[in-house]
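Listed below are the residues making up each chain.
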Amino acid sequence: MKGRGWLTAAIVAGVLYWSALGTGFSLPELSENLPAIGEFFRKLFPSDGKPWPTDALPEITKRLIETFRIAISASLFGSLLALPLPLIASRTLAGKTLYTFGRAVLNLVRSVPDLVLATLLAASFGIGPMAGFLALLVFSFGVVGKLLCDSVETIDPGPMEAIAAAGGTRFQQAFCAVFPQVGPDFLAYTLYSFEINVRAASVLGVVGAGGIGMVLQSSLSLMKYTQVGLVILITFGVVFLIDSFSTWLRGRLV
Amino acid sequence: MRAWRVFYTLLVVALVGWSLGGIQNSAPPNTKEIGEIIRQMFFPPKLSYLPDVLTGIRESIQIAALGTAIAAVLALPFGVLAARNLARLAALPFVGKLLLNAIRTFPEILLAIAFIKSVGPGPFAGVLAIAIHSIGMIGKLYAERIETVDKGALEALAATGASQLEIFRNGIVPEVLPDFLSFALYRFDLNVRSASVLGLVGAGGVGTLLQIQRLGGNWPEIGVIVIAIVVTVLLVDFFSAKLRAKLA
Amino acid sequence: MSDAVRVGEPLVVFKDVGVTYPNGHQALKNVSLSFAPGEFVAVVGLSGAGKSTLIRCINRLVTPTTGSLQVNGVELVGLDDAGLRRVRSRVGMIFQNYNLVRRKSVLKNVLDGRLAHLPTWKTLLGLYPKEDIALAKASLARVGISEKESVRADQLSGGQQQRVAIARALSQQPMILLADEPVASLDPPTAHQVMRDLRNLAREENLLTLINLHFIDMAQEYADRVIGLRAGELVYDGPAKGMEEADFERIYNRKIRPDDLRGAVE
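Protein chains in written order, with this note's numbering: chain A, 226 to 479; chain B, 14 to 261; chain C, 204 to 469.
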């Protein structure tokens, strides 16, 4: 046991050394760069008693609202689309072959990072919130689908048997015995995907997929750093509030 | 009861209607073109580009590994601070958890942009962004794990006259260490995914290639990049789950 | 299957029925039995003797691997899905753990008994015909818990939940009622109440009723006929009255012990 512990430590150290070489990361390098980092963060705040650039507020508000519209509709539609997934990707409701296939598709969908998808969609659909909406929709579909299927696999199978015994079809078993049992779970997962989507939607703009990130990107390229600071502060504050509220709501659901 | 249900339903419907209204692009999508794009990306995949992509993937994994390791260490004091059963002051865990939540909520892409603007583009900025962002989640998991440590065992140690530090070293660390490693491994899993997109803003890794090819509209190259990212994420997912099952 | 019970014919006929599970376990061996409408039958035996398998064959929740099984003249072995659902729609079943959807209201649970008559799209929208709702309410009234119809099932006691389950079976307008250890999770007074209710319903509706029971004294008290199973084999088939000590010992393969008896209510 002791020997294996040392071996693990040695392997981890080796991987980290290899990584440090590959990324050019080192502690001296870091300490050398610390002042520059501090300097950048100082630039985000107005200095010499100058005010915040409030003239950007209308644009910020507009894009912030767009961010939430993207997050809300993507979470809701993605979750709704995921609702029938247990029929093909849960052991409870799907046969063995269908189950294997369904889970494989679900895993594949979930393995594409949302920003990669947003990038591709923005390149094919054009700049704007549509790309962001579709990317996050796919994300919600994947995450809610997986969690829902896991949930369905832990339900009490008794009511399904009762409905089967009364002559109900497989679909009726799913709809009348399985879904009522996972209802609160489904709502909680939808909220959970919404939390992640709000965060994701706030940065989609950096690849041109709409939302507050668009303002951030343009402020950055124009080097209006106090405007960047303002955008970050407002975004972060609102995202934090929504996240906390949604987490609280989820706690009450389950 | 029924009235509330109707109210909630109407609320949700109104919210969806309003949200969807905001999602308009200037130009409608051209489905013909999208089909052509998909054909160019995957049929057949441009394998001659694969060696370049693998270099990028390697860099992404290195960024994720180093970033996770730094976060796993930096998260330790936060975890201890935020654990309710170790706190001397009742307010400390609350502040600690709030802080961790704040870090967790701050998108890592924004951190990456900030570090790029201060230290210049490249994997160095990526490592920093991942390291800072990951503290939030790892720290929270640490704190929650410490809170489940058996109180009786700690009291027994205290009864032998052990100091606070000795209690921590002998009562807590051995019990939580495997789980801490498991948390770090789980976060590494997520970070490989993150590190593959950080390059879109210039923070190194395979995303850098994606950004370059995207601007050039080179769909065959983009196709290979996407395949490589998906395969990498699936593989890391698989092995990380296997390893974590061993740790448990 | 014609929907009416055929007069003068047996309702259920087992002919050399055997069940072997995929893991190789032989749960029933060459069982031949026949049941007439209105009979009230208790199936007894040790756990693992094949009681559950026997009654689950009748609605083919378990499919016989050999032999033939007819319900009201319809052969169940090899029957297609639609035909099977048609048979099941007239065979009510109640379970040890009630098998209610705990988060649904009592009335919605009872309405599940009508699903075989509801097309898919109506199921999706929850559009039950007026007659079905009336039938469900009447079923609830018959088991004496009408006042609970809009209460969530998980708010009820075990005895009440089992009554809801009986109402669900009744709303199927069954010709056969199957009960798999219906009183095993209930306390003795409630258990006796449920058994009395089942017997009264069976008499009023002329239902063929098959009940798996662990306790032989309850079987003797309520049933007209007792089926004894041991290790998947039929070892007793006769009237409940006049069973001898030796009959029980043949079924249980040992002397009767106090824990084989539920005990009287008073």
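It cannot be assumed that every hint is accurate.
To give a feel for the contact side, a few chain A residues facing chain C, derived at Cβ under 7 Å [as the list claims (entries may be wrong)]: (1) A329; (2) A387; (3) A391; (4) F396.
The list that follows gives simulated cross-link-like pairs (lysine to any residue, SDA-like), each with its CA atoms no further than 25 Å apart [unchecked claim]: (5) K110(B) <-> R475(A); (6) K110(B) <-> T472(A); (7) K110(B) <-> V162(B).
What the hints contain is simulated information worked out from the structure, not anything from laboratory work. Virtual Cβ for every residue (Gly too), placed ideally from N, Cα, C.
- Query: Which earlier hints turn out false for this structure, listed by number in ascending order?
  - Reply: 1
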